[in-house]
Structure formats: C-alpha cells, structure tokens
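Chemist: Read off the chains here:
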Amino acid sequence: MTEKLEFDVIVPRQNAAVPVFTFAAKASDVRRIARIERAGRDAGGVLSGFQRPQIAAHIREIRDYLEKPTAILPNPIVVAFTGRASLRPVGGAGSGIQRLTIDLSDGAPGLIVDGQQRFTALNEIADRDFELLVSGFICDGAEELQRQFILINNTRPLPKALVYELLPQVSDLPLRMSNRSQAALLTEALNYRADSSLRGLIRQQTNPKGIIRDTVLQRLIMASLTDGALRLHAGDDRTLMENGSRLISEYFHAVQTVFEKEWKGRTPKDSRLLHGAGIIAMGYVMEALHVMTGATEREEFADGLRLLRGKTAWTEGEWTFGGERRRWNGLQNVPSDIRQLSLHLVQVLKRGLAEREQAA
Amino acid sequence: MKFLFADSLDFVDPNYDFLADRHGAKRVALHGDEFPHEFLDEVPYDGMLVSRGIVGDGPVAGKYTDAQIMRFRREGARSFLRFEEARFPDTMMMGDCGAFTYRAMAVPPYGGEDTAEFYADGRFTHGCSPDHIIFDFDAPISARTIEEVPEDVRDRYEVTLQNAAEFKAAAKAIGPGFTPMGVIQGWSAASMADAAADLVKMGYDYLALGGTVPLKIHQLRQALAAIRSSIPSDTRLHVLGFGKIECLADLEHFGVTSFDTTSPLVRAFKDAKKNYWMRDAAGDLSYYTAIRIPQATENNKLKAKAREGSVNQEEIRVLESAALVAVREMAGRTGGIDDALDAVMEYWAILNWDEEASPSRRAAAATRQRAVYARTLGERPWEDCTCRVCREGGVEALIFRNSNRNKRRGMHNLHVFHRHLQKFRTTEA
Numbered sequence: 000m001t002e003k004l005e006f007d008v009i010v011p012r013q014n015a016a017v018p019v020f021t022f023a024a025k026a027s028d029v030r031r032i033a034r035i036e037r038a039g040r041d042a043g044g045v046l047s048g049f050q051r052p053q054i055a056a057h058i059r060e061i062r063d064y065l066e067k068p069t070a071i072l073p074n075p076i077v078v079a080f081t082g083r084a085s086l087r088p089v090g091g092a093g094s095g096i097q098r099l100t101i102d103l104s105d106g107a108p109g110l111i112v113d114g115q116q117r118f119t120a121l122n123e124i125a126d127r128d129f130e131l132l133v134s135g136f137i138c139d140g141a142e143e144l145q146r147q148f149i150l151i152n153n154t155r156p157l158p159k160a161l162v163y164e165l166l167p168q169v170s171d172l173p174l175r176m177s178n179r180s181q182a183a184l185l186t187e188a189l190n191y192r193a194d195s196s197l198r199g200l201i202r203q204q205t206n207p208k209g210i211i212r213d214t215v216l217q218r219l220i221m222a223s224l225t226d227g228a229l230r231l232h233a234g235d236d237r238t239l240m241e242n243g244s245r246l247i248s249e250y251f252h253a254v255q256t257v258f259e260k261e262w263k264g265r266t267p268k269d270s271r272l273l274h275g276a277g278i279i280a281m282g283y284v285m286e287a288l289h290v291m292t293g294a295t296e297r298e299e300f301a302d303g304l305r306l307l308r309g310k311t312a313w314t315e316g317e318w319t320f321g322g323e324r325r326r327w328n329g330l331q332n333v334p335s336d337i338r339q340l341s342l343h344l345v346q347v348l349k350r351g352l353a354e355r356e357q358a359a
Numbered sequence: 000m001k002f003l004f005a006d007s008l009d010f011v012d013p014n015y016d017f018l019a020d021r022h023g024a025k026r027v028a029l030h031g032d033e034f035p036h037e038f039l040d041e042v043p044y045d046g047m048l049v050s051r052g053i054v055g056d057g058p059v060a061g062k063y064t065d066a067q068i069m070r071f072r073r074e075g076a077r078s079f080l081r082f083e084e085a086r087f088p089d090t091m092m093m094g095d096c097g098a099f100t101y102r103a104m105a106v107p108p109y110g111g112e113d114t115a116e117f118y119a120d121g122r123f124t125h126g127c128s129p130d131h132i133i134f135d136f137d138a139p140i141s142a143r144t145i146e147e148v149p150e151d152v153r154d155r156y157e158v159t160l161q162n163a164a165e166f167k168a169a170a171k172a173i174g175p176g177f178t179p180m181g182v183i184q185g186w187s188a189a190s191m192a193d194a195a196a197d198l199v200k201m202g203y204d205y206l207a208l209g210g211t212v213p214l215k216i217h218q219l220r221q222a223l224a225a226i227r228s229s230i231p232s233d234t235r236l237h238v239l240g241f242g243k244i245e246c247l248a249d250l251e252h253f254g255v256t257s258f259d260t261t262s263p264l265v266r267a268f269k270d271a272k273k274n275y276w277m278r279d280a281a282g283d284l285s286y287y288t289a290i291r292i293p294q295a296t297e298n299n300k301l302k303a304k305a306r307e308g309s310v311n312q313e314e315i316r317v318l319e320s321a322a323l324v325a326v327r328e329m330a331g332r333t334g335g336i337d338d339a340l341d342a343v344m345e346y347w348a349i350l351n352w353d354e355e356a357s358p359s360r361r362a363a364a365a366t367r368q369r370a371v372y373a374r375t376l377g378e379r380p381w382e383d384c385t386c387r388v389c390r391e392g393g394v395e396a397l398i399f400r401n402s403n404r405n406k407r408r409g410m411h412n413l414h415v416f417h418r419h420l421q422k423f424r425t426t427e428a
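Protein chains in written order, with numbering that gives the first Met the number 0: chain D, 0 to 359; chain A, 0 to 428.
Under the rule of at most 20 Å between Cα atoms (straight-line distance), these lysine-lysine pairs were calculated in the PhoX-like manner: (1) A/Lys167 <-> A/Lys200; (2) A/Lys25 <-> D/Lys67; (3) A/Lys243 <-> A/Lys272; (4) D/Lys25 <-> D/Lys3; (5) D/Lys349 <-> A/Lys171; (6) A/Lys300 <-> A/Lys269.
Because the hints were derived from the structure by calculation, they are not lab data.
Whenever a hint applies, use it, and build me the whole structure from the sequences.
Modeler: Following this line, the structure appears as structure tokens:
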C-alpha cells in the first residue's frame with residue numbers, strides 16, 4: 000500500500016501562514032486523504048469534531064444528479080490539513096504550481112471542511128472516474144480549522160421566494176421541486192400575461208408592489224396539481240400554460256367581479272379574501288365549482304360564486320364554523336384556519352347549489 | 000361475517016426498487032401508489048372503514064393533506080381510495096368518527112349534523128354515530144350503576160346516546176343508500192346492553208360496539224353476550240377496532256355481522272415479534288419476526304447516535320450494506336445462513352447498544368435475537384406464499400426496513416388473514 004499520495008496543485012497567493020491550494024482528484028483518492036469528523040462528545044463531555052450527520056435525502060438528490068451524464072460539480076470540496084501534508088515548489092519560482100505530498104502512513108490526515116454530503120454521494124455512484132475539485136489549506140491547529148468551518152458554513156441560503164422565481168427557468172431538477180416549479184411557472188404567467196385577471200397583483204421578489212403573496216398562489220396551484228382540476232396538467236407545462244392558466248385566470252376574474260367590494264383596492268390586512276387563508280380556501284371553492292357545475296369560464300364561475308354572497312365575512316363581521324365563531328380578522332394563515340374556512344365555504348356552496356336545484 | 004380494513008393511507012409504490020432503496024422513477028405520491036386492494040391479486044377484505052379522525056378536518060388534524068381532505072369530500076371515499084363499487088361489488092364503505100383520536104377531549108368535536116354531512120360527502124354506505132370512548136370496564140359482579148360511575152364516564156355515556164339520536168335524524172337526509180349505525184359505549188356489560196337497547200328504540204337496526212381495544216377477550220365475551228340478549232336477533236352488530244384476531248370464533252358465536260381491524264397491517268411493523276403471518280397446517284395463524292435492518296442514515300435511533308457522536312455513519316453504512324447483501328445471498332442460496340446471521344447481528348449490536356446493560360445481559364439478548372432470526376431465515380416462509388408481495392419481493396418481505404417493505408409485509412398479512420377468515424367461514428358454516 001502506498002504510504003503517500005502526491006498531486007500537482009495550484010497555489011494562489013493568499014496568506015503565507017495558511018497556504019491554500021487546489022487540484023482535481025477522484026472520490027476514491029479523496030477518501031484516502033480526507034475523513035469526516037462529526038461533532039460529538041466523549042464520556043467526559045469534551046467536544047470533538049465539527050461536521051453534522053449525513054442528510055440521506057440530500058445525498059440521494061445529489062447522487063441522482065451526479066448519475067446523469069450531463070452532471071457537473073463546479074464547487075470544490077474543501078479539505079484542511081493540520082499536519083502530514085506539505086508543499087514544495089516545482090517549476091520556476093512564482094509559477095504558482097507546487098507539489099502536494101500527503102503522508103498516509105497513519106490514515107487519512109485531512110478533514111473535510113465543506114462538501115461532506117457531495118463527497119458521500121460521489122462515493123456511492125458507479126462512475127468512479129468522475130473527478131472533483133478539491134481546495135485545501137494547511138493550518139496550524141484545530142482552532143484555525145474550526146474558524147474556516149464556521150466561516151464557510153455560516154452562509155445565508157437564498158430567499159425561498161427568489162429560488163421559486165428562478166425555478167421555471169431550469170429543467171431537470173429533483174422531482175421534489177417539479178410541482179413547485181410548475182406552480183412557479185404558472186404564477187409567473189398569471190402575473191405577467193396581458194390577458195390575466197391577476198396581472199401585476201402577485202407579490203414576487205421582482206414585483207414588490209403585488210398584493211397576493213406568490214407562495215400563497217403557488218400553494219393553491221400545487222393543491223390543484225396534486226388533487227384538483229390541474230391534475231390533468233401535472234408534468235405537462237405546455238397544457239398547464241394554455242388551459243391551466245386560463246382556468247385560474249377565469250376563476251379569479253369571477254372572484255373579483257362577485258366580490259368587488261372585498262377585492263378592489265384592498266390588501267390582505269383589510270380583506271381576508273386577499274389573505275393567504277382566503278386565497279387558498281377560494282381555491283377549493285374553484286375546485287368544487289369545477290367538479291359540481293363543470294364551470295371553466297368566468298360567467299359560469301360567477302354564477303356559482305354568487306351563492307356565497309352575503310354569507311362571507313371577508314372585511315367585517317364574523318364567520319360561524321360549526322359551533323365556533325370567528326371575527327373576520329381573527330382568521331390566520333395557519334393550517335387549521337385554512338381547513339375550517341375551506342370546508343365552510345364549500346359546504347355553503349353545496350347547500351346553495353342544492354337549494355337552487357330544488358327551486359328549479 | 001365481514002372483515003373491514005380500517006385504512007389510514009396505507010399504500011405502497013409498486014415500482015419501489017429494493018436494491019437501490021428508492022422509489023420508482025417519476026413516482027407520483029398516492030396517484031401512482033397502490034392500496035392493498037390494488038396491489039394484491041385479490042381484494043383482501045370485504046370493505047373499508049375510514050375514520051373522520053384519520054381524514055381530518057377543521058379542528059382535528061388527520062393524516063390527509065388539506066388538498067386530499069378537500070378532494071376526499073368532493074369525490075367521496077370510494078373514488079379517493081379507488082375502491083369503486085363496480086370493481087369491488089358487495090363491499091362496504093363504512094365511516095366512523097375515530098373516537099380514539101379525540102379521546103382526551105371533554106366532549107367529541109363532532110355532532111350529529113356535521114357527521115352526517117361528512118358521510119354524505121364521503122358517499123359512505125355505512126356510518127357510525129359520533130361516540131365518546133369510555134375506558135372503564137367493570138366485572139359483572141362489581142358493575143356500577145349509572146349513579147355510581149364518575150361524572151366523566153356518565154357524560155361520555157350520555158353524549159354518545161344523545162349524538163346517536165341526533166345523528167339518526169340527520170342521516171335521513173343522506174338517502175336510502177346509507178345505513179346509519181348506532182355506537183354502543185359503556186363501562187360494563189350491563190350498561191352496554193342498556194345502550195344497545197336504547198339505540199334499537201331510536202330505530203337503529205345496525206349497531207357498532209366501540210371501545211373494545213383495551214378489553215380482555217373474556218370481557219368482550221361478556222359484553223357481546225349482554226348486548227345480544229338485549230336486542231332483537233335480526234339487529235346487526237359490528238365490532239369496532241377488533242384487535243383479538245385470534246378469537247374470531249367468539250364473534251361468530253355472538254352473531255357479529257362485521258368487524259374492522261388494522262391488526263394484520265399494523266403488526267407487520269408495530270409488533271415486536273408477530274410481523275409476518277402464516278396460516279399453519281392446523282388452520283391457525285402463526286407468525287414470524289421480521290429481520291430488522293434499518294436505514295443507517297435515516298433511522299431515528301441511529302441518527303441520534305450519530306449526532307451525539309457515538310456511531311460513525313461511514314462505518315455503520317458498511318455494516319448495514321453487509322447485512323442486506325448477506326441476507327439476500329442466503330435467500331438466493333449463494334450464501335449460508337450463518338454468514339447472514341453474523342452480518343445481521345453485527346449491525347443489530349450497534350443498533351441495540353445499551354450502555355446500561357452489562358456485557359453478559361447484552362450477550363444473552365443477542366443470543367435470543369439470533370435464535371429468533373435463525374427461525375425466520377431458516378424456515379424461508381416467503382417461499383411458501385404466492386401473494387404478490389412474496390412473489391415479487393421474496394426475502395425483502397421479511398426485512399423490517401422503511402415503509403415500502405413494512406407496508407408490503409402488512410399487505411401480505413392482510414392476504415393471509417383474509418384467506419384464513421374465508422376458510423374459517425367455510426368450516427363454521
């Protein structure tokens with residue numbers, strides 16, 4: 000067994016006391032030079048290591064991606080050495096190329112500071128020739144290493160809303176994101192298409208003046224994609240953009256007409272119709288109307304929605320859910336309130352439709 | 000005697016890949032998954048029971064997502080569960096309120112009217128009045144009168160009957176295709192018999208006995224005997240949540256029309272030992288213990304150990320994978336049973352490492368466990384079963400690991416139990 004490994008590395012001029020270098024290596028080689036030390040405590044309560052445990056679902060997603068022939072992994076794994084690694088110049092002075100020698104006689108001396116999940120995923124894939132970029136540094140002791148670990152890992156994730164806005168631009172994403180991606184795509188269309196009844200009304204990262212939160216509308220759309228009228232278009236962006244967007248736009252045109260007083264010029268603060276709970280519950284009213292009356296056009300939706308007029312408390316008064324009474328502004332964007340309101344509105348609608356049928 | 004399976008979204012992914020341990024490509028949750036009646040070659044029950052507590056609604060959070068709740072109420076239970084009458088003729092679709100989910104509340108969160116509405120939305124064929132569980136059960140000799148029981152018990156008894164009266168009236172609106180069922184609750188055989196007689200007076204001809212889960216079998220016998228003697232012989236009787244599935248003969252003896260249980264499915268992964276069911280030569284149910292090989296980085300116990308730093312995830316993943324490989328090789332007759340047991344027990348030792356236990360107690364526990372696993376692997380029960388679970392999965396059906404294996408094993412148990420019940424019916428008839 001080889002007692003040492005050598006790599007030609009690029010050494011950018013940064014800090015003479017903590018030399019930094021970068022090179023490419025196969026996952027199997029990285030495994031020989033570096034290990035993962037997870038945070039834990041010994042019997043005496045002394046802390047050792049710093050990494051968190053593996054995140055199985057995350058690793059699986061990375062692995063799925065890396066198995067594709069189109070996969071690239073441009074961000075490097077970061078490995079720190081506190082000893083048993085040395086650099087020596089090759090080529091001319093100041094060329095920036097040096098030779099890294101790693102002593103493996105006592106096991107892997109490097110510690111993975113960043114990229115443990117990527118590294119684990121890479122170890123699981125069949126294509127062992129896939130090389131990854133490794134950035135390394137040599138430091139004096141554990142403190143410098145922990146400092147780098149905290150600095151590297153204390154970044155802020157992108158705001159979710161921005162990620163969702165970017166999603167529709169990207170194909171081949173993990174399955175987990177595809178419903179969200181379709182919902183984001185449809186939300187974007189509803190916000191910017193000239194003939195959309197929700198044009199400009201949706202608040203996105205890039206449209207701060209909007210009134211209805213994009214994530215709220217996305218929830219409505221995702222519920223419909225899994226269990227409602229848009230199910231037909233799940234996984235099919237083309238028909239979703241044609242028929243799906245039309246259905247939602249037509250419906251909200253009807254909502255704005257029938258509840259003009261509660262919609263026009265209002266905000267979620269002074270009308271619960273524009274609030275998360277109201278929008279999502281009204282989404283279920285759309286589904287019910289669509290199933291029970293076959294409505295797809297604005298007039299058909301409006302015809303059904305009129306049955307709710309006078310029986311809502313969007314801007315004043317109170318709701319009665321079974322034995323419970325709730326002030327109009329007592330409704331919050333929480334699951335139980337959304338469920339109560341949704342079931343209530345659909346039930347009122349159902350009774351109204353039944354009465355109308357009897358009268359006819 | 001009809002067996003109803005109480006569903007709580009129990010489905011599997013038919014394309015689940017056991018070797019890679021992952022869902023089939025492009026799997027769509029629920030829509031692409033299969034319920035037991037879809038997955039197995041023959042429907043393993045005579046009907047299904049769906050409880051309102053499992054579905055969930057306003058005040059009670061169930062197992063369904065909001066979108067699923069709303070779809071369930073738009074389409075009805077049969078469409079939602081893909082248990083259509085046309086495909087599964089002569090089956091029951093029964094609803095109840097799931098009293099166990101709100102057992103801690105002072106009064107049930109549901110009344111007669113809204114319950115009738117739930118059953119109408121769900122297009123159920125049968126539905127129970129909203130009851131409230133009574134946990135006491137007096138021996139006949141010391142049975143208390145209604146004046147002697149605590150206020151809480153009396154309240155539960157009375158609200159159950161009151162709701163039944165309200166519900167009976169409200170259920171008329173659902174239509175002639177629906178059979179309302181009055182639920183019996185009581186603290187003694189005599190009080191249950193009184194409740195049953197009251198329900199018959201209200202006009203119920205199908206009663207359901209609730210709160211039987213904590214009862215011993217002799218207590219259940221007393222209750223059934225007393226109820227039977229207080230109601231007309233043509234009044235039908237259902238036993239809710241019947242867990243003593245070994246005692247089918249008792250149900251038959253007291254003229255029980257139907258019962259529901261989740262036991263065959265749930266014991267596949269909640270029982271310490273009786274995970275995989277068989278019907279033995281003598282016509283009795285017998286059981287095997289499934290081999291526990293949990294997912295090293297997903298199992299909660301192992302995750303906790305990794306967080307405190309007492310196991311190394313890279314190392315336990317090696318043990319996990321060795322155990323799986325050895326069991327598969329043994330099943331495929333390319334490996335020996337001792338190698339398989341060694342590998343399984345090596346992983347077991349880490350999984351069950353208990354700092355408190357002494358080395359000798361640990362060794363004794365390991366020896367016992369090895370003997371249990373030796374029987375499961377040595378007798379190769381999966382080779383004697385022709386159900387789809389065993390046919391397609393082979394030894395995977397015996398591995399205790401994640402929902403897709405565990406629920407499949409539960410489906411196998413449903414298959415075995417239904418066959419057992421059918422044979423039982425023919426011998427009793």
